[in-house]
Structure formats: structure tokens, C-alpha cells
Amino acid sequence: MRKIAVGLAAALAVYGFWIYSRASRAERDARETVRRESESPFTQQTLSDAPPAGWETLASPSDFRDAAVWNGQLYVAGSNALFRYASDGTLQQTWRAGMELPPAPLTALAAGEELWIGTEGEGAISFDGTRLRRILPGVAAARKVRAVLPLATGAVLLGTAGGVLRFDGAQLRPAHPALGSVAATALAGTEENLWVGTRDAGAVHLRAGHAERFGETEGLPDKAVHSLAVDGERAWIGTSTGIAVFQGGKAERTLANGLLAKSLAVRGSELLVGTLADGWLRIPLEGKAARTVRDDPGEGGEVRRVFAVGEDIYILRPGALDVLRDGRMSHAAAGQAALLTHGNVSALEMDAGGRLWVGYFDRGLDIVDKNRQRITRIEDERVFCVNRIVRSQDGQQMAVATANGLVFFDGALQQRQILTRADGLIASHVTDIARRGNGWVAATPAGLTFLDGGTRSVYAFHGLVNNHVYTVGIQGDTVLAGTLGGVSLIAGERVKSNFTTANSKLKTNWITALAPAGNDWFAGTYGGGVQKLDAAGVWSAFDTMPANVVVNPNAMAVTPRGVYAGTLEHGLLAWDTQRQAWRPLRKGLPSSNVTAILYHDNKLYLGTDNGLSVVPESALGL
Amino acid sequence: MRFRLLLSLMCAGGLLADVGSLIPTTKQAPDAAILSLDEMSIDIQIDGSGARVQMRQIFASHVASVSEGNYVFALPGGALVSDFAVWDGPVRIPGVILERKRAEQLYENIRLQAIDPGLLQMGESDSDAGRRTSVFSAKVVPIPPFGSKRVELEYHQRMPLENLVSYLAIPLKPEAYRQQTVGRLIVNLDAQSTHTMEAFEVAGKSFPLRITEKTGNRVRASLDVRNFALTEDFAVTLRRAAPKAAALTVAAQRVEAAEPGYFEASLVLPPEPPAQAGPPRRVTALFDASLSMQWDKLERSYAALAKLLTGLRAEDQFDLFVFNSAVTRYGSGPSNGGAAEAEKALAWLKEQPLRGATNLSAALDAALTATAVEGASLVLFTDGGASDGEIRSGKIAEAYAKKWAASKRPRTFVFAVGDDANVNLLRSLARNDGVLETINSTETPDFKLNAFLSKLQRRPVPGLALATDANLSDVYALQEQTYGGSEAAWVGRYKRPARTVFQAGGAQSAVTLPAQESAHPQLPRTWAKARVDALLEKIERDGEDRATIEEIIRLSRKYKFVTPYTSFLAAPRALLRPRLIRPGDPVLRVHTDKLISSVVAVFPFGLVKPLRYLPGEQTWQTRFLAPVDMADGTHSVNLILRDRNGNTYKETRTFAIASKPPIVRTRLEKKNYRPGETVWLRASASATTRTVSARMYGVAPVMLRWDAKALANAARFTLPKDIAPGRYTITVTAEDMAHNIGSEEVSIDVLP
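Chains as they are written, first to last, in our numbering: chain A, 1 to 622; chain B, 1 to 752.
Errors might be hidden in some of the hints.
Stated by the list, open to error - Simulated pairs of lysine-lysine, DSS-like, Cα-Cα distance not exceeding 25 Å:
#: 1; chain 1: A; residue 1: Lys505; chain 2: B; residue 2: Lys660
#: 2; chain 1: A; residue 1: Lys496; chain 2: B; residue 2: Lys660
#: 3; chain 1: B; residue 1: Lys650; chain 2: A; residue 2: Lys223
#: 4; chain 1: A; residue 1: Lys507; chain 2: B; residue 2: Lys660
#: 5; chain 1: B; residue 1: Lys558; chain 2: B; residue 2: Lys495
#: 6; chain 1: A; residue 1: Lys532; chain 2: B; residue 2: Lys660
#: 7; chain 1: B; residue 1: Lys455; chain 2: B; residue 2: Lys403
#: 8; chain 1: B; residue 1: Lys609; chain 2: A; residue 2: Lys223
#: 9; chain 1: A; residue 1: Lys496; chain 2: B; residue 2: Lys350
#: 10; chain 1: B; residue 1: Lys344; chain 2: A; residue 2: Lys496
#: 11; chain 1: B; residue 1: Lys709; chain 2: B; residue 2: Lys671
Everything labelled a hint here was simulated from the structure, so no lab data went into it.
None of these values were measured; they are calculated from a predicted model.
Next up, chain B with everything else stripped away, as it sits in the complex:
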């Protein structure tokens, strides 16, 4: 056979992100026959809007030889890894934060001793599909024969309050791997809040969480189950009681007298009255269709845009611009809202080709010019990667702010997608009376997208600021804007214990800042992160300077979190390994350390091929043909690497052959529906399928997720109340890991 479709033969973390999976390096997915997840313990501490998640996992080897695995963890959006450790027998090998340059030097030194330091950096993946910095991966070796391996991970995450609801999801459900079972699952949750909690709910249906304490300010819950199938994410929602007026509370932490104390002041605002129909809206949507948006980013942006447009009323108006190296407008002027026009616009968008460059400035100019009416909103869907026209972030933001001030001042909403989104630039754009929402590759977008779109019709509470006195310093707001029903929070430091009066949004709270307090251990890191964010923004605006970089590194090391200037380094024992294997179709590419002088691939079908080194790309490459009788599925290839000193290393990597696009089979509960009714959709798809989505006229796309009870991918969507009767087609599309597409169409009848 000459060509067969070969999926990424790469470190499993590269493509197949998952939470807490230890994947044998000879496999592309967890294999309980080799490494099983025997125990997983999750401790969740929620303190106000901050969450600390500590995971401890014990994997058991079921093979007679020393094995190794890739630990893959899909970080939730905005999460900060603060600790990672691997146990080597009785010895805990913790990760340490080092300046990136120093980390690389150390890595080199250890490597020269034929020991793999297992450099752990956020976003060490590398593929054409885009960097996934939210995937945390690490090589775990050695795993003793029939022994166990313990891995510990800790991360922190903010839980923004939207419409009095905050949401925490720990993505346990394997997306690509379909199912993983844990021998014993222990979850301990401790949520406390100075604001009254009205309700606490577990979003996942399968977790039998037992609530052991529930008061207005504290919830404790736990579960301890065995042989548990991780079929859905662990998610909880906390609903705060609606305050009659803005309520300001203060939490503090001070461990040592010689150190300053840290505080967080949070102001929960009462919800806004239910939205009225309101006057007709005018929305200008700007959609990035450049090559950098290809795959996941484009799909997520499209789904968000579809939700925006299909939510417009007939009396609303919208403009749609697609931009890349060119800016293209849908129609010659604003279009009316409503399902029909929304569908036409979305269909038009699907016809717009991707172009290689992104002229963000030109797109913003065109949108501002077109939005020459009062009270309009400009909604930008992009990763912010300007590569044509003006490409300097500071200049783009500055120019836009200037032109925006001279325009009708449309509120600028930005939906930033992708792990590599230029958040600093997009935040600057959104500061023009708008909102920034970011969503990374591992996040389920629903909660954020709903909150984002809900703000288009609402105004933030103006002029919110924390009044401080001389005892407080380095105070940073944790949000750009605050809406009714959400929370404004500030973090800062205090010099000495003293009674201090905090004032914000008309609320006041007199608090004695303690001499010693350890109830809020996350506060120092939250403050440090806010400080680093401010410093990074300064660098983005004014350029790098030594003092700023040194302070970032110092804060990163002291408070243990990764920044662009630091790396997370752990040093478990291991052999020298290639860092990344990335073949295309049907090319085998291997990226190795610089000391490697030859690479030979021994394929399972008997072919032995030396790889050629391509210096410009720093990769080894060859091409191979899998025999025609080689079945679809995962196969192994042995790589024999030789370094300049004559040492030989053997590495086994897997590749998957998928010669067929995924096959979808869709099931509907019934054929006839009425407007406003919910459609339940179930679909089975081939084993290689990565995502399944469904789309119907007048309805935003929905993702189908694995439902263990139904033994199928499932989703539901609600038909618009004003949908016209008739026959409609639902297109269910499955996409595999190589972006092969398979789809099936089913039809329903909407009755009057």
C-alpha cells in the first residue's frame, strides 16, 4: 500500500488530553491491562471564589517489566498548577519552579548524565492543530513491574460568580478515551464563603456525593466509591443568596509576623431585575477566519456565533464581518434578526475560505465604521493573533481605543478562543466598555458562553473600586467589570494587624486584619498571580525590563506557579527519551535531543528505516508504507536512537491507522415535535471518534457527550418557540483524531 491515513504518532498528551490519565508509552490511550488507576483522591477546598484542587492518584502496573507512562492532565480554564510530584518508591519527588533558562540548563545537565529530568512545562505539546497550553503532561518512569506509581497534582482556579451562581468542574470524563474506571474514588469537598450560600448542587448525576455539613457559609461533602466508571465530569454549582444590597466581606491570611498579610475583599451585588424585552438590539459580529483558527477554535467560535445570531429577535439587527488577510462583510448593510436571516448568514460564513494572515486592525476599523449607531455591541470572535497590517498588540489596542472614542462607542465584547489566545491584547480591546471571555481547548464552553452572551444586554455596575487606606498596598481587582448578580473582588496586602474599613460599591465593612490567620491559604498565591498579571500587562504595553522580569520570576518561585518566565521541573529517574514524535501522513517525524546522532525506525510489519535529519526543523523524518492488510487501530513502532557518545536508546511509540472516517448512527426518541419542545438525540460513533456534534436549522450547534447509561453519545436541544412547522434535517457529525469527518442526517417533523 502506498498511503494510509496515519494518526499522530506522538506523546499521548499532544492530542488526547485527558484528566489524570497515565498512559503506557506503548499505547495511545489508557490501558487498564497495563496500567490501571487503582485509587484517586480529590480534595477540593473552595474559599469564596477560589478553589484549590488536590489530586492524588495511584496507578498499578500489571506487567512483568519496568514500564513507563505519560501522565496527561487537561487543566480547566484559568487553572494554575501549583504542585506536582511523582513518588519513586517511598521517595516523593516534588516539582520545583525554576527560571525557564535555568530549568533548561539543568535539563541539559541531567540529560548529559543519561537521566531524563522530565521537564514539565505547561503546553509542551506541539502539533499543527495548535498548541494546547492547557494540557499538562509529564513522563512518569520507572513504573516497577507489578508495582504502583503515585502521582500528585495540585492546582488553583477562580470560580467566577455569574448571576449568583458559581461553577466548578473537574473534568474527569475522558473525552478521547471514552471510559476510565478507578478502583477507588475518594472526593472530599469543603466549601466556605463569607457570603451566604443558598444552594449547593452536584451537576454530575453519577456521583453519589454525601453532604455531611451544610450551613449558610459552609458545605462539606464527600464520597468514597469503588470500581467507579468516570463517565462524566465532577461538577458542582454554588448559588449565593441574593443580597438585598451589595454585601462586602473580607478574608485575610497572615502566617508570619515578618511577612505582610494578604486580604481579599469581595462584593456580591444583588441581581438585576428580570430583563425586559428591551428596544431592538444592534450587534456587529466580527469573526476570525484565519488559518490559526482552524479546527477547534473555529468550531467553538462558530458555535458561539450561531448562539448569538439565532438568539436575536426579528426586530434586532446584525452585521457580520469575516476577517483574515481580508475583511468581508455579509450583505451590504445590517441584516434583520430572526432564524431565517441568521441561518443565511451562518451559511454564508461557512463559504468563506480561511486565509493565512489576520489583519485585526482592518477588521476592527471596518466594524467600527459599520456600527455607526448608538447603543450597539461589537462582538469579536478570535484568538487575537494579528499577523497582517499592524501586528503590535499595544499599537492595535491604542489605535482601536482612539477610534472607538471617536465613534458611536459600541460596547466591545471579545470571545477569545484557544490556549494561545492573545489575552492581553483582547483584554485591552474589551476595556472599551465590553467584556472579555476566554475559553481554552479543554473547557466545556456552555457556562462561560451563556454568561458572556447574557452580558450583551446588561450593563456593568459602574465605578466599582475598593477604597483603601495606608495600611493596604498592592491592591488588584480580580475582574475587569462586575455585573448584577456577580462578584467584585480585590486582593492586596496589609502591613500590620489593624482595624480597617473597606468600602466599595456603597457597601462598607470594618474588619480587624489579623496578626495571624491561616484559614485562607490560597490568598498569597491569588495575590501573587494578580501581581504577575499586572506585570505581564506592563511588559506587553511597555516592553521587557530586567526588574520586572526578575520580580515575576521571584514571585513565581515563591508562590509556586508557572509563568512565561518560569518552568516546572521535576526529576524522576528515567532514560533519555525523545521529547516529541510527530508524524504526519504518512511521514514519520521525530524530534529528539540535540545529542542524538541517528534514529532508526523498526516498524511492526518488518520495515527498518533510518530517519534523515532535517536541521532547519530539528526533526528526523522518513516515510513509510503500512501493508494493506494492516488493520485499523493502534500499532507500535520501535525507535532506535543513538547519541554522539555511541549510547543506544530504544523508544516505543504508537501510531493509529484509521483508514475509514468515523461512522455515525443517530437515534431519535420520536419523529414529531412541537415548537419549544426538547429534542433528545443519541448517536453511536466509531471508536476513533473524538467529537460528535449536531446542527439543525435555527438552533445553535450542540456537542454530544458520552452518556454511560444510554451507552451512546447524547445531547438535547430545545426547538425555538417560533420555529415554522415543517420537516427539518439534523446533521450529526463525528470527527476523529485525524480530523476525518463522518456524518449522518436525520429528519424531524415540527408540527404546528
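Just chain A, with the same shape it has in the complex:
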């Protein structure tokens, strides 16, 4: 009986323990769940890999974005590199996007216990003086860091396209429920008195855990906030059309009406303002009537950051950092010498003389000499917003397709012919151009135009699967037109067949790039990666293609070794013919947005939205 009692007691004890354990675990699980839910997934990584071998860069302008003084040294973030300068303006060290830094444009700098660097798509990077450490949020929008605010606690706030996040060294979590989904553009203040600027929803004031929103009806000149400054109870909110002054959380008045304030800083009794187009100015804070003082009335232009260090005022422009010291303005740092005019490359081609033609997304084009030492810059009303550059069959002409027409250049770089809709193109906006016998075929948003002395155009009326043609490819007498709504196969200038998701194994109708490879075609799509069309008209997909890949327009090339596709966010995709698999390549690229590919002399020229890289194909390890 006693045994039974002991046994029962033991059983009860075990049961009780089990109940307790279970309850405890449930509580722990619940706590864990709550903790996980309140956290944002992220990875932390020390950036210590050596730069990839064989890669070169054709230098584009530094395009300074932000600057900060940290540990007594001047750091400037350009779109394609981070620079450290000595106090005399001497460049001491460079960390390049894609080489020492992840492949993304840099966006912001902030000095705290560490130096913090924001990137467009690769999260935030901290620098402790020797070591670079990347904080990469799991959500894509949160990787686009537009503002960084180090806090007194040692933590840091990251203003991203996907909310404001707080990183304390171990955890990344939304800074406040009200800030979970805002597209932040600027941060200022302290954790207890925080101001957040948003791209299209005004500003949010966070005080003692309470969030209050301010838009146009609450006193902002515009709902797009570009800059913030806070001094105690006062806050200044820089918008597209002026600066709102807040006192104690209430709108007081508007300053600098009509100016787009890119940067704000309080310096004693004056407000420093960097503007989009009007240089920088100082606004005395005393008195009701705000009087602006322009220190560079003749210079104007864009000032991306203005800040004070002691008595000095630093003015960051896209190409230089100036300092106003003891009443005199001087250069504190200059951007790197650049060969190219811009960084946003949209088209590449090599002419018969070995000159490299570089077209820009929203500018004209550069023609780089054979020695890659000098450029000839061309930009006018037609050569503007370049989509494609193609050399003629005989090498005597270069056809440049732009948003404003089609321009033919001769070997002396003279514009020999300019074609627009008035000259017979079905639309002036030419999205692609391809050689066809002794003539050409031009793709436009309104259809196709065949050129060979005269012009003949076809569009949906004639059976084209969609009017909006993004890309065109030639294989013998066959023309393949990639459109928003599928692919049209054209022979003898007549539409023979159309391929869409409805009648074929095409996964995405929106075709952005086409490249013939033997008897096959490789087709880049918007969102469906690359697919193959064989000679029998059968489409096939690739198992190794990552999901949701967007291939950029006309960013494909076929080489004897492989096929390459430039993507929006996945870098360069390479088709490894030996392994019959696609490989994503990002290292070495100044951006994961690869916009143009040229294969020449065993080298790949890779245009991105953040510069141009050159790499021997053999270095890619295919």
C-alpha cells in the first residue's frame, strides 16, 4: 500500500512536473513567438573577402551622396564607393561597391560609436575603424536604407523603404508599430523625441511612445519630406516646396517657400539648408521674418548635405565637398577622376575602331577611345535617354536608339541620319534596333519599323502580339519581337506566329531581351527569368533559374562559353554550358542592377546603374 502511495505520489509529481514543464515551455514558446514576431529577420556578416580578381572598372563620377566626420576623419559616401580623406583633403582610403563593399549604391552616412553606411538594396554597413560589418534585413524593402540615426544608447535607427528599424547590436526590430511600413527618407532627434520624414506621407513625430503624423493639412508645404533637423522642442521639416517649422509638435510657419530642401542642419542661431537646385543658404532663427543668406549666389546647383563641425560648415555637392572655414570657402575633398560622364549605363557597343560606346539611361553617350583614356561626349535632343547601340554590318555606322529617335553615326562620330516618327518610324521612341540584312529593324512602343532605304511599319493591326515591343532579335530572315504581351515571330515582314502564356510554355508574357544562340533563342522576361525557344517553336524553362528574376531590357549576350543575362536585382546571371545551370554573379559588380552587357575580345563589359565593369570571361569560372 505504501508502495502504491509512493508510486502515486511519484506519478503525481511526474505529472505535475510534466504539467509545469509543459506550461513553462508554452510560456517560453509564447515569449519566443512574441519576440520573433516583434523582430525583423536579418543576417549579420563581416565583410572580409578579398576583391575578386580580374575585374576592372571604367571610372564613373563619384556622385557624392553623404558625408560625415567620424573619429576626427572625413568620410564621404559616393554612389560607387566610400572615401576617407585626411584633413588636408588627401584621399586616404577607398572602399568600392562590389569590391570591398556589397554591390549597391551607397545612400547615407552617420557617425555614432561606429560609422554607419546605408546602401540601396544591401542593407546597412557599420565600420569600427578596421572591420566592415553588414546588417542585411530579410525583407527586400528594408534593405533600401535611406537614412541612419545612431542613438545615445549605442543602438542605431535605420530609415528604410520598408519602415524604420532599430538595431541594438543583436536584434533588428521595428522602431515603433507606427513606423513599421513607412517609407522613411530622413531621421532626426532622439529616441524619446524622434522625427521621421517619409517619401509621400509627410512626417511622423514620435514622442514618449506616441506617434503623430503631419501632412499638408497639418502645416507641411508638401507631403514629400527630404530632410529634417531637430533642436530641442523645435523641428524643421524640409519638403519639396519649403521648410515647415514646428515648435512643441505644432506647425509654426514655413520657411524658404518654393525650395526643395535636401538637407537641414541647425548651427547655433541659424538653420543651414542644402537645396536641390539653389545651392545652400543660411536662415537666421531669431525673429519672425526669416531672412535667407546665400553664401554661394553664383554657384547654386545641388547641395546634398550641409553640416557643421565646430565653426566649420561643410557643403557636399555631387562632385565635391567644400568647407567654409574662417569665412573662406575651400575644397575639403574632391571626387575621384572619372573617365565616364555618368554611372547609369543603359547600352554598350564596340565600334570597328575598338572604341567603346557607352549609352546612358537618362543622358547621352560617351565614346571611349581604344586606349580607354579619353572620351568623346555626345548629348543633344535626340541623343538622350539611350536604349541601344548597334554597329552596322559593315562596321561603318553605329545606330543609337534613344527615347527621342534613331541616330546613325559615321566613323568620324558625325550624326549622318536622324529618324523620328516624322521620318517614317512608327514611333520616335526606339526601344531596340537590330541589323537585318543591309537594313535595320527598329522596335518601338507602337510596333516595328523595317528600314532599308524606305520605312515599313507593322503593329497589332498587322497581327503583332502587342504594340509595345521592348526587344527585337534577328536570325537569318526571321525576326523575333519581344513585347509586353508575348513574342511575335516574323518572316518576310509578316507575322507568322505569336507565343504567349496562353498558347505556349512561356511563363511570362513580358519579354525584355532576346538573344539567338545557334538555332535556339534565349528570351529574358520581366519576372520569369530566362526561357529558351528551340527551332521547333517549343519553349522551355530552367530549373536553376532563381524565382522572380527580372531581366533588364536588352541586357543579354551570348558568347562561345555561355549566355549572360543582366537582371534588376540578381546581378549577372550566367548560363554555365558545362554544368547546364544558371549561376548568379554579383561580386565585382558595382550594383546588382545589370543593365547592359557587351562581349568583346574575350571580355565582358557589364553596365550597371552604378558604373561600368570589365572582366575577362575566363575570370568568371564558367
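Got chain A sorted already, so can you dock chain B onto it with the hints?
Coordinates of chain B only, in the frame set by chain A:
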């Protein structure tokens, strides 16, 4: 993302024509949550074949801030705007007619005072798709917070009589916007005619029009409804009683003794006996496939040609020429009529590429040469924009008339399409024993096309003229030709009240022209318009001269209608605004006043981009990328404009992202049909869809229109009685505002 398809980011009137819509400038379509149409009153006065339409609309703002909108009005074909006014609180701000140069000067002056005069010109749109001069648009500002805005518009329109039926349509059904609801709709219609009206019908099914008076010469009707969905056009048909013989009536108007009086004499001809099968016909069709015809003009011309060819009998013959910079003939000689050959010819036409230039002379020469048989018809489908070979209109017309006289004299029928059609040239061509029909971008073509094609087998009544005496002056015929069952009308002036005998077409009417009469107030303007048309034709023929231009301007101002030499100017208060925003894909283009010195675009996804000025095109331009996660739909972009004086202006414009072509889903009532049976077709399409059409072998294309009851786009067509049994494919095609195409095929079985 690198490229996304961006639709026209432009003044809403540019692409999305609509009747009487006030569209918030931040939107691309009417948004009742911001501006609702609270009341619309339409007064229609029909006097014989003339109609005056007065519209009064009251829009209510539902936002707490001052807002603005674009008033967009799709004019019916041939309509003349005679009045436009915007109410600013209790003040009515009327539009005035000014000489165009003067209007532009005034516009400049007002603009310098930072006030937007809201220049109202017909056809102020601008896009590659072609100018739409039939779209009347105006910026309406300011609209007070939670306040209302009253807009008034008056226009005049001729209602041609065809086969004793005249037709008036007020296009209320939003085409692009699908649906608009009016809080209160009031319609008052007063139709009078000196010729007996046999029947009056409301074509639209949804309008509960109540007829309050109906006699042989007068119909009065009205409706007053609330919360009314404008799902179809308001259309009425008036059927005249068939006169046993030609009946001549005269209407007059004279308000002041010091001024001359105005008269309109109209002769209604008895209908022709029903057409017999007749001998085999020979038709030569000339189809313009030049770039200027791209989009709507090409589609409308193709539909008209398809109707012509599919209507031919097996014993008929046709020739088909496609022309642009080249002239290309279908086959080596005439083809036999019938569905099979018509389909082959239409398929061949679809393979002909567009070319950049139009050699109209060469095309006419080729057609005349090929039409070397008696009794043939030459049918021309074109906008008349000659740009290759001979391009002078007068010379083309002269040369054609000469060659036509030396040929077998085929009757020359012209189907002119587009708001920018060279009507004067085409009218001259049609004077070679033919007919001109014009159709603009906002018109439903059915009534005109049927009337046009019906005339191919009929002859006009020859030698119709109005005999006048010395008391009458400046008499103009309002039509080129008159057919049986239609009406010949003349307008003119009389010097003094007197009993006058009018004679035309064997009919006679003795009328005492009154000393004072105000029952026909439209007559002076009708006369002035006819006079201006004659003067414009003189200019087209002989070139400009100062006296003629001055007279046109004087008539335009006195009688209040817009001409090529005048503008309509209203001056509501407003801020300086860009006049037109026209980005392509994915380029943002902004056209501004000359004083603007910088333009910055602030995009909703955070991008801030200064635009670059392109002097040659007088536009600002940049390119932008919308993020990959930006959903399809309408988005806003803020434009910050700075003028040379440092003043800053903010403008919000919308753009639409449509990354997918429209999706069509088609429904048929059944699968099996018999020859001659009617096929009912219903289709749903994506929200961005602008037009839905259907095509089947042997049947002319049909447009599907929104049917509120069916909650779908719907159309019906009749299978030919001689169609062969078998399976047929119906292709239903939807086109969105960016000309993206989506289609679906459904099949039916035709049973023996």
C-alpha cells in the same frame, strides 16, 4: 526595375475623352469621392435639321482643400461650341471668341500676372496618337473645399436626314471611364419641324423620357431622374413622314429691323423605291495605310472597308489598293465579290505595312486607271494628309478632276476619318459625282457608315438648286448632294420683309418673310458657319488674303463659334500651370510655358529628378524607373516648376502603370447558330481597357459597348445568310489606353 509600361501622364482630356466630366487633376478618371457630378441639365432644341444643346453641370467637391479639375467634353461630329462658361461663386465667367493671335497675346499677359487664363481651344490635345480636335477640354479652378462648381456648355449640330431618319446623339456614356453617376439628371427636349414628323424614338433604353407633347410638327419630352448611372448615350431618332412629292418649307429669323433676316429653306425628298438587286457592281477601294492613319483611324477605316467588301455579292467585282508612299494592288486585277474573296482581301490588307508618307495623287491615278469600266465606284478611305508626290490640296483636286473627266468617271466616294482629316481636299474629290462622309474620333460610326454605304447604289437627285430673287442674298447649300429620302437645305439672308417665292426641285413655297421673328435663333449662326465654310474653301483654293481672314474673324466673333482663325478664351482664376504633360515609356516629358526655368519631378516612390529642357521640342524631359513592387494603376507625380522670376509652382499629375495587356473573357449565349441568326457576344475586360472589338470570318468587325444590365461589354452581329456551315472563330480583342492588346478566341458552329 528598369522599364515599366507607363501610360500617358497627361491632361486627362488628351486621351480619355468623355462628355462633361470634371476630372480631378490628380486623377486620370472621374473620381466621385473627390468631385461628383451632382446635377446635369440638358436642354435640346431641335429645329428642323439643326440642334442646339445646352448643358449645365454642377460638380461638388468632397475634399477639404481647394481643388481643380479638367473639364473634358467629347464633341459629337460636326458640333460647334457656341458658349462655355464657368461659375466662380456667384460670378459667371463666360468664354469669349477672340482672334487667335489676340487670344494668345492676352493669354501671355494674364499668365505674366500669374493667372491662368485657361485658354480653351478646340483640339488642344497633343499626342502621337493624333490630334483629337473633337475633344474640348478646359481647366476648371478653383473648386472650393466642399463647394460646388458650375460649368455651362452650348453647342450646335446639324442632324442630316438619311432615308427620312435623322439622328441626334449626346454621348453621355463614358467610354474610357466605364461609369459615371449623376445625382440628378434633367433633360428637356423640344423638337419642331415644318415637315411632318412621323415617329420619335429614344434610342437609349435606360432613359425614361416622358413625352409631354407630340404632334406632327412638334415633340416635347423631358425626364428628371436622380442617382442616374450614365451607361449609354442619349440618342433620339426622328422619322419624317414620307412626302408624296418634294416638300419645300421655309423658316426665318429676324430680330432687329436694322439687321438682315435669315432663312432656311428645306426640301424633303420622297424616298426612293426599294432597291432592286441591280446589275453587278464594280467597286475600287483605295485604302490609306500611311503612318498618319495609325491607331483609331486605321481601325475605323478597316471596319468600314470590311463592311463594304463583305456586303458585295458574288457577281460583284472589286479592286483594292493600299497606298502610302507606294501604291500596292490586291491581286493583278478585279476580284469577285463574296465572303471568301473579301476575307482574302482583308487578310492581305492586314499584311501591308504602314509607310511614313502618303502619295494620294499616285493612288488616285492608279485607281482611275484600274477602274476603266462604266458605272463603277471608287471608294477612298483616308484622312487626306498627302505628304508625298503632289502635296498641295488644290493641285491634287484639280489634277484628279481633270483625269476623272477623261476617265470612265467612277463615282468618287470618300470616307474621311480623323479629327485632322483634310476635309476641304476630300470634299473636292467627292465632288466628282460622289459623296463625302466624315467621322471624327469621338463619334460612333454606325449611322454615318450605313448612310454612306447605302449611297453607293443610289444616285443623288440631280440639279437641285434654290431659285432666289433679289431680296435674298448670300445663299449657301448645306449639303453637297441630296438623295431620295433626305433633305436639301439652303441658308441665306433677306433684305426686307416681303412675300417671296422659293422654288427648288420642282417644289414651290410662297412665304412672307417676317419683319420680326425669333422662333429660329440658330439660323444666323447656321448661315454664318456656311459663309465661313465657303470662305475657308476659297482660302484653300486661292490662298489667304486679308479681307477674307478679317471677315472670318468678324463672323466668328459676332456669331460665336470657333474657326481656324479664332480661339475661345475664358479667364477663370487659377495658378500658372503647365499646359501639357506627355511622357512616353518610360520617359517623362513636360511641356510648359516659356517662362518656366526649371522643372523637378518628385515621384511617389521617393525619386527626385530634375528634368532637362530640350529647346527644339520645347519640352522638359527625364526618365524614371518605377519600383518593381509598384502596383498597376494610377499614381501621382509632383512637379515643382520654377519660373524666371523665382516663383515656384507645384503641379500634381497622374500616370498609370499597366504592366499587363488587357485580359478578355468572352461569353456566348450558345455555341450553335444558323445562317442569318444573330450572335450575342458579351465580354469582360481589364479595367484599363479602352475598346473591345470582335471579328469573325465573313462579318464586318463590331465594337462591344458597355451594357450596364449585363455588367459586360456587349455586341451583336448577324451571320450572313449565305455563310457556309462549319466552325468559325470569333476573335475578341481588347485594347488599353497604351494600345496594349489582349485577345481571346471563341468558336461557334454554324449549322446547315
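Checked hints:
1. For the given pair, lysine 505 (chain A) sits about 18 Å from lysine 660 (chain B) by alpha-carbon distance, which is consistent with the 25 Å threshold.
2. Only pairs whose Cα atoms come within 25 Å are accepted, and lysine 496 (chain A) paired with lysine 660 (chain B) is accepted, the gap being roughly 23 Å.
3. Taken as a hint, the lysine 650 (chain B) and lysine 223 (chain A) pair is honoured in the structure, with Cα atoms around 12 Å apart against an allowance of 25 Å.
4. Among the hinted pairs, lysine 507 (chain A) with lysine 660 (chain B) is consistent with the structure: their alpha-carbon atoms are about 13 Å apart, no more than 25 Å.
5. For the given pair, lysine 558 (chain B) sits about 19 Å from lysine 495 (chain B) by alpha-carbon distance, which is consistent with the 25 Å threshold.
6. Between lysine 532 (chain A) and lysine 660 (chain B) the alpha-carbon distance is near 22 Å, which keeps this suggested pair within the 25 Å criterion.
7. Only pairs whose Cα atoms come within 25 Å are accepted, and lysine 455 (chain B) paired with lysine 403 (chain B) is accepted, the gap being roughly 23 Å.
8. Simply put, lysine 609 (chain B) and lysine 223 (chain A) have alpha-carbon atoms about 16 Å apart, close enough for the 25 Å limit, and the pair holds.
9. A C-alpha spacing of about 12 Å is found between lysine 496 (chain A) and lysine 350 (chain B), which places the hinted pair at or below 25 Å, so the restraint holds.
10. Distance check on the hinted pair: lysine 344 (chain B) and lysine 496 (chain A) sit about 16 Å apart at the alpha-carbon level, within 25 Å; holds.
11. A threshold of 25 Å between alpha carbons decides the hint, and for lysine 709 (chain B) with lysine 671 (chain B) the separation of about 22 Å falls inside it, so the pair holds.
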